[in-house]
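S.K.: According to the working numbering, the sequence shown is numbered sequentially starting from 135.
Heads up, a few of these hints could be off.
[What the hints assert, rightly or not] Lysine to any residue pairs mimicking SDA-like chemistry, simulated, CA-CA at most 25 Å apart: (1) Lys-279 x Asn-173; (2) Lys-252 x Arg-176; (3) Lys-167 x His-209; (4) Lys-181 x Gly-281; (5) Lys-245 x Gly-294; (6) Lys-180 x Glu-264; (7) Lys-253 x Val-226; (8) Lys-252 x Asn-179; (9) Lys-279 x Val-226; (10) Lys-279 x Arg-176; (11) Lys-170 x Pro-241; (12) Lys-253 x Pro-156; (13) Lys-279 x Thr-174; (14) Lys-214 x Pro-156; (15) Lys-279 x Asp-163; (16) Lys-181 x Val-226; (17) Lys-245 x Gln-293; (18) Lys-167 x Gly-294; (19) Lys-181 x Asn-200; (20) Lys-180 x Ala-169; (21) Lys-252 x Asn-173; (22) Lys-177 x Gly-281; (23) Lys-245 x Gly-263; (24) Lys-214 x Lys-180; (25) Lys-245 x Val-226; (26) Lys-170 x Ala-208; (27) Lys-170 x Gly-213; (28) Lys-253 x Tyr-175; (29) Lys-181 x Lys-279; (30) Lys-177 x Lys-279; (31) Lys-279 x Asn-179; (32) Lys-181 x Pro-241.
If you are wondering where the hints come from, they were derived from the structure by calculation, not from laboratory data.
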Amino acid sequence: MPKFRVALCFVVLLAICQRTAPAAELVPDMASKIAKWTNTYRKENKKQPLHLSAALTRAAQQHALNMATQEQMAHELDGKTYEDRVRATGYVAQAAGENVATATGQPDNAKTMLVSWKKSEPHRANMLGEQHDFTEIGVGVAVSKTGTYYGCQVFGIPQGGARK
């Protein structure tokens, strides 16, 4: 009986000490870079900077994390659109938009995502506010367990109009 207890203790201890890798985790420094570079890009195009919104950041982070967890880049996941995700944060939008991208194995994955958005007409239009003159932004970046980075920019104009 004592050998059985020792073996059982070892198995229990091993199970407690064994850490499982998270399915995905946020990468806030990459998100900050993307927000900064987006405003630099806007300035180069004679546009006003976007203000960081805590609610839009939550929506972007949650979506980036969900995409990384599922290893799937999409504007709609789990039956929810970006409008659903924005509304769930309590943000009341006059208008909203979203950009998503992935990058992996690049010297600067954040820059790779930003460059891909610049090259795409609808994504560039969101960043420069060509259809809607967005005033606020939230950015989220998450890395999956396989090392793919998932980025999400969420743009908005709060109800009541543009922010001054």
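S.K.: If you draw a straight line from the CA of Lys-170 to the CA of Gly-213, is it 25 Å or shorter?
M.R.: 31 Å, violated
S.K.: Quickly compare the C-alpha distance for Lys-252 and Asn-173 to 25 Å and report which way the hint goes.
M.R.: 12 Å, holds
S.K.: When you check the alpha-carbon spacing of Lys-214 and Lys-180, does it fall within 25 Å?
M.R.: 34 Å, violated
S.K.: Taking only the CA atoms, is the gap from Lys-279 to Thr-174 under or equal to 25 Å?
M.R.: 31 Å, violated
S.K.: Could you grab the alpha-carbon distance between Lys-170 and Ala-208 and see if it respects the 25 Å cut-off?
M.R.: Status holds; Cα separation ~24 Å.
S.K.: Decide if the proposed pair is consistent with the structure: Lys-177 and Gly-281, CA atoms, cutoff 25 Å inclusive.
M.R.: Not satisfied, since the Cα-Cα distance of roughly 32 Å exceeds 25 Å.
S.K.: Holds or violated: Lys-253 and Tyr-175, Cα atoms, limit 25 Å.
M.R.: 12 Å, holds
S.K.: Decide if the proposed pair is consistent with the structure: Lys-181 and Pro-241, CA atoms, cutoff 25 Å inclusive.
M.R.: 29 Å, violated
S.K.: Just to be careful, I want the Cα atoms of Lys-252 and Asn-179 compared with a cutoff of 25 Å; is the pair within it?
M.R.: 12 Å, holds
S.K.: Regarding the pair Lys-180 and Glu-264, is the alpha-carbon distance no greater than 25 Å?
M.R.: 12 Å, holds
S.K.: Please verify whether Lys-253 and Pro-156 have alpha carbons no more than 25 Å apart.
M.R.: 32 Å, violated
S.K.: Mind checking the alpha carbons of Lys-245 and Gln-293 for me, to see if they're no more than 25 Å apart?
M.R.: Violated, at roughly 31 Å.
The structure shown violates the earlier hints numbered 1, 4, 5, 7, 9, 10, 12, 13, 17, 18, 19, 22, 24, 25, 27, 29, 30, 31, 32.
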